[in-house]
Amino acid sequence: MERPLTEHIKKDGTALTLKEYEAVGGYQGLRAALKMTPAEVMGVVKDSKLRGRGGAGFPTGLKWSFVPMGDDVPQPKYLVANGDEMEPGTFKDRLLIERNPHQLIEGMIISAYAIGASMSYIFLRWAYHEAANRVLLALDEAYRAGYLGKDILGSGFELEMDLHTSVGRYICGEETALLNALEGKRANPRNKPPFPQVSGLFGKPTIVNNVETYCNVPHILAKGAQWYISISKSEGGGGTKLYGASGRVKNPAIWELPLGTTLGEIIEEHAGGMLDGYKLRGLLPGGASTDFLTPDHMNIKMDFEEVGKAGSRMGTGTIIVLDDKTCPVGMCLNLEQFFAQESCGWCTPCREGLPWTAKILLALEEGRGKPEDIDHLTFQTHYNAPGNTFCALAPGAMEPLQSALKYFREDFDEHIHNHSCKYHRH
Amino acid sequence: MATEQVISDEARKEIEALFHHLPKKQAACIDALKIVQKHNRWVSDQALVELGPILEMTPHEIDSIATFYNIIFRKPVGRHVIFLCNSVSCWIMGYEGIRNALKEKLQIDFGMTTKDDRFTFLPIPCLGNCDHAPSMIVDEDLYEDLTPEILDEILAKYE
Chain A
216 MERPLTEHIK KDGTALTLKE YEAVGGYQGL RAALKMTPAE VMGVVKDSKL RGRGGAGFPT
276 GLKWSFVPMG DDVPQPKYLV ANGDEMEPGT FKDRLLIERN PHQLIEGMII SAYAIGASMS
336 YIFLRWAYHE AANRVLLALD EAYRAGYLGK DILGSGFELE MDLHTSVGRY ICGEETALLN
396 ALEGKRANPR NKPPFPQVSG LFGKPTIVNN VETYCNVPHI LAKGAQWYIS ISKSEGGGGT
456 KLYGASGRVK NPAIWELPLG TTLGEIIEEH AGGMLDGYKL RGLLPGGAST DFLTPDHMNI
516 KMDFEEVGKA GSRMGTGTII VLDDKTCPVG MCLNLEQFFA QESCGWCTPC REGLPWTAKI
576 LLALEEGRGK PEDIDHLTFQ THYNAPGNTF CALAPGAMEP LQSALKYFRE DFDEHIHNHS
636 CKYHRH
Chain B
6 MATEQVISDE ARKEIEALFH HLPKKQAACI DALKIVQKHN RWVSDQALVE LGPILEMTPH
66 EIDSIATFYN IIFRKPVGRH VIFLCNSVSC WIMGYEGIRN ALKEKLQIDF GMTTKDDRFT
126 FLPIPCLGNC DHAPSMIVDE DLYEDLTPEI LDEILAKYE
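Chains as they are written, first to last, in this note's numbering: chain A, 216 to 641; chain B, 6 to 164.
Hints were generated in silico from the structure; no laboratory data involved.
Hints may be right or wrong, so weigh each one.
[Unchecked claim] Heads up, incomplete: computed chain B residues facing chain A, CB under 8 Å, no partners named:
#1 Tyr-74
#2 Ser-94
#3 Trp-96
#4 Cys-131
#5 Leu-132
#6 Gly-133
We treat Cβ as the ideally placed atom computed from N, Cα and C, and that holds for glycine.
Using the sequences and the hints given, assemble the complete structure.
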């Protein structure tokens, strides 16, 4: 099984140095790309069926194709890596940044070449202190080796790259909010259109992609689109995916597997199944803002299509496991308190609806629930549905709740009828 | 009445060094707040007043940004800040037990600072360390697979 993104990661936990990265084929993708035209590079990425790894799964090459090209277009164009990774339960990008920062940098240089960007930023969340230190070292190495700066490898292509570490807030992961944060402003999302590809950072054409997305690009350029498609088990996209699991499983971790590996294989073979004494009750397949799936869904492929057909989203591909001794209502409360706190406050349904939702769930947990609370919670899932809010935060917040009401309804009812939570916590 | 200057010349120089690659000074606002906090531990009202002319913004505009971001402190904090993850994976794996143990050891609740100014105790969303839950960060150091028993040893590292 091929694991291009993680096969060279060192077991001692340190980052690959530039020399070590070059020794295993590093920057060969860039050398291949610089022999092609930007349009050809974009074509290869389109053909590879690479889809965004941040959660939405938008085809990467298609996203890039909306950037205005040619001599008579706004300059400078920007390229940004979204390393905000604040989706609860998600810890995949940290691995890629900490252990192989040059892979990210190489992917960004190739991508910047494809869209004609001359300035680029790695947007990293504040909590990733070790990752920040390693990125700064790697950037220094890359500049000294001529992979960044003017006339990269004698090609005439020029790119600057800088690290921006955030000062908190989940909403920074939303790409237009991230751009506001990079401009030194409050991280409220922006209206779309115009899309960032046309008017992004400081009003200039900008591409924002997830860290994992960029890490795929060097391998696609080095080995070709057909190879990339061949290592996937999914009809809808190429390549591997970093999957992960947390919660009461035997071996919580991150694994690079073919896109389209089944949920059952991830949970049973890689996560090692449940800890002794615990049963699988349900799971969030791709972070906090995805709908619950249940043990009945173990045969589905973890890709954008099949998880979608099962009523959820693959999201970030990092699974949060709910066991039979943890309260599903309590889990929803924890999630909704997070989303309520992290709402940027810009639009009413999110600013008002999420705290209201959390308040009702707290009442249920504390034995103060009323039968009509179920109707209120159901109302919130519609009130905060896509189209009613300014961005995807509140609709995402409703995904675990609406599915918990579907799969764990008896738990909600019991909390109300018994005026208590039967799960004894820690 | 003369007010004592809280932004040092050194901090001011660090802030001004940000401007050269930015289209406008306001774009340096968040990094400027980080620099002030690095030197002063927190961002006081007086710091906002002094930042105004440097960034060509009003103190209120700067405050609207400072108060948006949870890692910018607008109140004094202790010598060390404990960020305990309260998000879903840590919650499943025993966050509440760690929280209660820390409350008891420090004799403070979330949002408070110990009387000796040693620790400020804050809840924080997911630290991206979910395979080693429960987790927390003290200053810039990550601690994982927490149990109540190992907390004393961790806290002892911070004077």
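For each hint, the structure was consulted:
no. : hint    : result
1   : Tyr-74  : holds, 4 Å
2   : Ser-94  : holds, 4 Å
3   : Trp-96  : holds, 5 Å
4   : Cys-131 : holds, 4 Å
5   : Leu-132 : holds, 5 Å
6   : Gly-133 : holds, 4 Å
When each numbered hint is compared with the structure, no violation occurs for any of them.
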